[in-house]
Amino acid sequence: MTIDAAGHRVAYGCYSGQWRIDWPLGGPAIIHFEAHDSHSAGTDVYSPSFERRVVPCMELMAGIVSSESDPTFKVAFSGRKRPGRYVLKFVPKGFPGAHSGRHLYNMLGGRVYEVDWLRADLLQPHHPDPEDTLKLILDSTETDKKVEMFVGKKEQRVLAQALDFFPWSSLSYSIHRGLRDILVAFSKSRMNRHQAELANILHNAVKQHAIELEAKGWESKFVSDYMADMAAAAVSADKGDSGDSVKVVTDIAMCIAQTSDAKKLDVTEFWTSEREILGTMDVVQKLMSSPAEA
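If you count the sequence shown from 1, you need to add 560 to reach this note's numbering.
The set of hints was computed from the structure by calculation and includes no laboratory data.
Beta carbons are placed, not taken as given, at the ideal position from N, Cα and C, and that holds for glycine.
Treat each hint with caution, since some may be false.
As the list claims (entries may be wrong) - Quick list of in silico lysine-lysine cross-link-like pairs, PhoX-like style, CA-CA up to 20 Å:
(1) 748 - 776
(2) 767 - 781
(3) 823 - 776
(4) 807 - 823
(5) 767 - 705
(6) 776 - 824
(7) 713 - 748
Said to hold, decoys possible - Beta-carbon label-pair distances, calculated as ranges:
(8) 604 - 701: 33 to 41 Å
(9) 686 - 764: 49 to 57 Å
(10) 767 - 651: 44 to 52 Å
(11) 689 - 669: 35 to 43 Å
Generate coordinates for the entire structure from the input sequences, incorporating the hints supplied.
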């Protein structure tokens with residue numbers, strides 16, 4: 561990070577490339593993304609092009625989930641915490657008092673005063689565990705030590721809505737650790753109940769949509785011999801940071817949804833409902849809760 565007479569410059573590295581923000585004095589913040597790929601043109605079996613959605617991905621780096629379909633929903637997450645017991649509190653328009661991600665959101669041109677905040681309040685040793693809450697076990701800032709996060713009913717509804725509004729991306733990207741820790745832990749039990757079903761749906765979809773996948777640029781032999789197993793393995797693996805798997809899984813899901821417009825995949829109602837039967841949009845959106853990077 562550099563701050564001088566010329567303005568503000570900062571870079572963020574991730575597995576899929578490097579984000580760079582240049583913010584000259586008196587001018588707008590300009591965001592650059594330089595992708596990197598370990599595959600060569602001669603051996604790459606993947607589709608040659610994928611949509612990049614800079615603004616939603618940068619918001620997730622800042623720890624914010626928002627929705628174009630509901631402009632009033634903008635919620636920021638606290639960062640990863642030190643070991644201990646915490647209670648998650650929903651604070652309307654509380655993001656200006658946060659530290660994690662606030663400056664990055666400012667550089668994006670965001671209005672921090674419009675954003676609600678999920679604040680993590682530390683419980684003292686003499687405080688009992690809060691009643692009528694969901695306890696999540698999260699990673700902490702220290703290796704091999706955990707955080708106990710207690711989530712009340714109101715906050716559970718906010719988390720469910722955040723999952724229903726979670727933005728779609730066909731490329732792997734870096735996610736704010738606090739946001740990722742909480743949403744993955746919150747969604748895990750329901751995801752696990754459908755894990756085998758999701759893997760089977762993806763596996764079968766490759767054969768059904770083979771012509772579409774090849775038309776997108778995927779290599780024919782890869783589609784016929786490897787793609788189905790790779791997609792099923794990605795879901796069955798439970799977690800992972802593979803950019804290759806993200807490309808495979810999301811392109812299959814795009815075929816299932818029969819759309820090439822990523823914005824149409826940003827909204828579902830699965831997490832805020834009690835339904836257990838998966839529809840097309842449920843399959844697509846649920847897949848986006850797991851492929852994420854640190």
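Structure versus earlier hints - violations, ascending order: 1 and 5
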